[in-house]
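*Asks:* Going line by line, the protein sequences match chains G and S.
Sequential numbering from 0 applies to the first sequence in numbering that gives the first Met the number 0.
Sequential numbering from 0 applies to the second sequence in numbering that gives the first Met the number 0.
It is possible that part of the hints are untrue.
[Said to hold, decoys possible] Taking lysine-lysine pairs in the DSBU-like style, the calculated list, with each CA pair at most 35 angstroms apart, reads:
| id | chain 1 | residue 1 | chain 2 | residue 2 |
| --- | --- | --- | --- | --- |
| 1 | G | Lys362 | G | Lys266 |
| 2 | G | Lys131 | S | Lys362 |
| 3 | S | Lys362 | S | Lys286 |
| 4 | G | Lys362 | S | Lys131 |
| 5 | G | Lys252 | G | Lys296 |
| 6 | S | Lys252 | S | Lys286 |
Simulated from the structure, these hints should not be mistaken for lab results.
2 protein chains.
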Amino acid sequence: MALTPATDLGPATALTCRECGHTRELGPHYACEECFGPLEISYDFADVTRASIEAGPRNIWRYRGLLPVPGNVTDTPNTEPGLTRLVRADQLAEALGLQRLWVKDDSGNPTHSFKDRVVAVALAAARELGFKVLACPSTGNLANAVAAAAARAGIRSAVFVPSNLESQKIITTAVYGGTFVTVDGNYDDVNRLASEIAGEQDGWAFVNVNVRPYYAEGSKTLGYEIAEQLGWRLPDQIVVPVASGSQLTKIDKAFQEFIRLGLVEDKPYQVFGAQAAGCGPVAAAFKAGHDVVRPVKPDTIAKSLAIGNPADGPYVLDVVRRTGGAVEDVTDAEVVEGIRLLARTEGIFGETAGGVTVGVLRKLVESGALDPSAETVIINSGDGLKTLDAISSSVAPSANIAPTLEAFRAADLA
Amino acid sequence: MALTPATDLGPATALTCRECGHTRELGPHYACEECFGPLEISYDFADVTRASIEAGPRNIWRYRGLLPVPGNVTDTPNTEPGLTRLVRADQLAEALGLQRLWVKDDSGNPTHSFKDRVVAVALAAARELGFKVLACPSTGNLANAVAAAAARAGIRSAVFVPSNLESQKIITTAVYGGTFVTVDGNYDDVNRLASEIAGEQDGWAFVNVNVRPYYAEGSKTLGYEIAEQLGWRLPDQIVVPVASGSQLTKIDKAFQEFIRLGLVEDKPYQVFGAQAAGCGPVAAAFKAGHDVVRPVKPDTIAKSLAIGNPADGPYVLDVVRRTGGAVEDVTDAEVVEGIRLLARTEGIFGETAGGVTVGVLRKLVESGALDPSAETVIINSGDGLKTLDAISSSVAPSANIAPTLEAFRAADLA
Numbered sequence: 000m001a002l003t004p005a006t007d008l009g010p011a012t013a014l015t016c017r018e019c020g021h022t023r024e025l026g027p028h029y030a031c032e033e034c035f036g037p038l039e040i041s042y043d044f045a046d047v048t049r050a051s052i053e054a055g056p057r058n059i060w061r062y063r064g065l066l067p068v069p070g071n072v073t074d075t076p077n078t079e080p081g082l083t084r085l086v087r088a089d090q091l092a093e094a095l096g097l098q099r100l101w102v103k104d105d106s107g108n109p110t111h112s113f114k115d116r117v118v119a120v121a122l123a124a125a126r127e128l129g130f131k132v133l134a135c136p137s138t139g140n141l142a143n144a145v146a147a148a149a150a151r152a153g154i155r156s157a158v159f160v161p162s163n164l165e166s167q168k169i170i171t172t173a174v175y176g177g178t179f180v181t182v183d184g185n186y187d188d189v190n191r192l193a194s195e196i197a198g199e200q201d202g203w204a205f206v207n208v209n210v211r212p213y214y215a216e217g218s219k220t221l222g223y224e225i226a227e228q229l230g231w232r233l234p235d236q237i238v239v240p241v242a243s244g245s246q247l248t249k250i251d252k253a254f255q256e257f258i259r260l261g262l263v264e265d266k267p268y269q270v271f272g273a274q275a276a277g278c279g280p281v282a283a284a285f286k287a288g289h290d291v292v293r294p295v296k297p298d299t300i301a302k303s304l305a306i307g308n309p310a311d312g313p314y315v316l317d318v319v320r321r322t323g324g325a326v327e328d329v330t331d332a333e334v335v336e337g338i339r340l341l342a343r344t345e346g347i348f349g350e351t352a353g354g355v356t357v358g359v360l361r362k363l364v365e366s367g368a369l370d371p372s373a374e375t376v377i378i379n380s381g382d383g384l385k386t387l388d389a390i391s392s393s394v395a396p397s398a399n400i401a402p403t404l405e406a407f408r409a410a411d412l413a
Numbered sequence: 000m001a002l003t004p005a006t007d008l009g010p011a012t013a014l015t016c017r018e019c020g021h022t023r024e025l026g027p028h029y030a031c032e033e034c035f036g037p038l039e040i041s042y043d044f045a046d047v048t049r050a051s052i053e054a055g056p057r058n059i060w061r062y063r064g065l066l067p068v069p070g071n072v073t074d075t076p077n078t079e080p081g082l083t084r085l086v087r088a089d090q091l092a093e094a095l096g097l098q099r100l101w102v103k104d105d106s107g108n109p110t111h112s113f114k115d116r117v118v119a120v121a122l123a124a125a126r127e128l129g130f131k132v133l134a135c136p137s138t139g140n141l142a143n144a145v146a147a148a149a150a151r152a153g154i155r156s157a158v159f160v161p162s163n164l165e166s167q168k169i170i171t172t173a174v175y176g177g178t179f180v181t182v183d184g185n186y187d188d189v190n191r192l193a194s195e196i197a198g199e200q201d202g203w204a205f206v207n208v209n210v211r212p213y214y215a216e217g218s219k220t221l222g223y224e225i226a227e228q229l230g231w232r233l234p235d236q237i238v239v240p241v242a243s244g245s246q247l248t249k250i251d252k253a254f255q256e257f258i259r260l261g262l263v264e265d266k267p268y269q270v271f272g273a274q275a276a277g278c279g280p281v282a283a284a285f286k287a288g289h290d291v292v293r294p295v296k297p298d299t300i301a302k303s304l305a306i307g308n309p310a311d312g313p314y315v316l317d318v319v320r321r322t323g324g325a326v327e328d329v330t331d332a333e334v335v336e337g338i339r340l341l342a343r344t345e346g347i348f349g350e351t352a353g354g355v356t357v358g359v360l361r362k363l364v365e366s367g368a369l370d371p372s373a374e375t376v377i378i379n380s381g382d383g384l385k386t387l388d389a390i391s392s393s394v395a396p397s398a399n400i401a402p403t404l405e406a407f408r409a410a411d412l413a
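Just chain G, with the same shape it has in the complex:
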């Protein structure tokens, strides 16, 4: 596939290697020709103002002038993710001893995770690059998001999942139609197969493989929204779950862009990463003072964060160290307690990744790594309805009674 003069990727200008800095032209590329490092989008932003953003649609496309998507992206059917709630969380703050806390609740997206953001950007760029099929390997949220986005756009999807996935997770993707393939193997096997297919099937855009540079930029919108929803300013501290690590680095990138564009005041902020202890390679590297991330074999209920060899791990370490943050991890029991605490204090039922973030927030406050008097934002990146198993043995009814007033009175519930 080659770019035509009609190709419009908005303000994107080139692909730059994050390792060696080598730059090449835009296109369906994801690895550096020189050193095989990951490519990232470079931009030349036109005049983007608070007013021009506020005049945009009530979804991520209000930031289209900062994304690698065509200027007319809103004319094409898409799931219109974003502009999810930023919830002032006074009760959670009180429970943890913080003074000013916000939850960015991305469970409000169309398929109820932040993946709708990255998939929407990947889809828009993939169409522009001439791809015909939207594909991914996944075990959950990404599969939902890809199948839904492709259905809405009227193009074919091809989703690959391990064949031992729970039947419920199979249903939630299969319902959108498209090609849906179960693969006899674990997620690593599925991922490897996806890369092989991407190399062979010219028109297939695997969102997290061969169009990953575009896809990853979608996470910037989380950062943009937080700054805009705070009234065009940055928080002092932010806690972000770390799977591949991409989300954390892109939120930082978004903050930096807003500063450079003069959309927010330049001020210090600290970025913290949250992992599950059962899959905490970045936390381990941070604590050991290492620059490289040693892969681990995941063993945690936080499946959406269970990436043992996180592609952006080193860049997470860069951001966290540059801003004076930290990476911390919590046990599965702390994850469950985090889910319950968020639900009980703020009425937000997050998935396990949300529990990780709340648990890590608590731990960072207790250790003194995070300043409880500084304004803090945490990310809830997904929905508890998708990870019910994680809490099924931890929550229960208060009482069981016969259907009579007498039974109600006897149960002493008043």
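Let chain G serve as the given structure and place chain S on it in line with the hints.
*Replies:* Relative to the frame of chain G, chain S by itself:
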């Protein structure tokens, strides 16, 4: 409980009986003193303009000047529901032979159903009326919404469900904390017990029982949003799922209020009701030309619509007949096909109630009752993640393969 001079229920002025027209003062009342008919809120609206609404928050409180809630309602923590997507559904339209179709997707609410709207209004009014506990009988969406809203508001919830409810549905409410009681009986037993407790426990606001007049008004926001999101105009036709029937009548009320306030142009519109054949008492009454609705024993997969004796059934018939609409019902097989069609064409995974609405839309087009060339809106009131059982046997993967390129090629998926 008595109102104090400080009680602020916004533009609400009185409670008026829908049967005999008798009016009484605002308060914690739900049945007419004269005839036991249902009470409804009367208003004296101040100056509400498009600009004043557009300047409001991005949730239902932008319409607070039209709801029975205090003027400072946004100062109190709440789940901030509403302003969900209105999705232009060209592919679904094409599949059904319509020209201009929109889906109002209320699965984007905080607990993923329209119940967040009515509960938020009930909570705001209940606090103002002096209630201390937010309660409900429920089998699903309402339980989620009440428990979440109370948690967020920092007040106690008391939710009553049949003890034979699936464990998954118990988890999704129990996670929010509060008092959660399973009752040995069916939903009717639970409902009756709730009424008895409401009569005895002074501070308990059962949202759908003793504060129902306030609660029901929350559904007006669906109508307001549709009109605003269409660019301050009314659709020609709207298809609304019918459980108690309240939602349909309140959307009509919202349209009428907008016309009276000069916020939209006065024009004819037709309101259609959608039921499942296994619980279609209003459809049956409509087809038979009756004014009264004969109760039925529900037997349908569309559990959120399974109200055999719908309180607002007669008022649904009034609205539908006044506007030239109809009430139609579909079989469970058609419900499943409706869910799948909505997912495949628009990437929206609706719950069974959404499947009912799509199925009825199709049937109304085929019968000629609905004009395919007129602009139509349908409501998706809840989320498919909550009713997975309904489609578990109808959707499946396309293929199962070994994790090799050879297997991929052999499966002929390219």
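*Asks:* So, for every hint listed, does it hold in this structure?
*Replies:* Do the hints match the structure? See the list:
Proximity of Lys362 of chain G to Lys266 of chain G is assessed by CA-CA distance (about 25 angstroms); at most 35 angstroms being required, the pair is judged to hold. About 34 angstroms separates the Cα atoms of Lys131 of chain G and Lys362 of chain S, which keeps this hinted pair within 35 angstroms; it holds. As the CA atoms of Lys362 of chain S and Lys286 of chain S are separated by approximately 14 angstroms, the hinted pair is consistent with the 35 angstroms bound. The hinted pair formed by Lys362 of chain G and Lys131 of chain S meets the criterion: a straight-line CA distance of about 34 angstroms does not exceed 35 angstroms.
Of the pairs offered as hints, the one joining Lys252 of chain G and Lys296 of chain G holds, with about 29 angstroms between alpha carbons and a cut-off of 35 angstroms not exceeded. Between Lys252 of chain S and Lys286 of chain S the alpha-carbon distance is near 23 angstroms, which keeps this suggested pair within the 35 angstroms criterion.
When each numbered hint is compared with the structure, no violation occurs for any of them.
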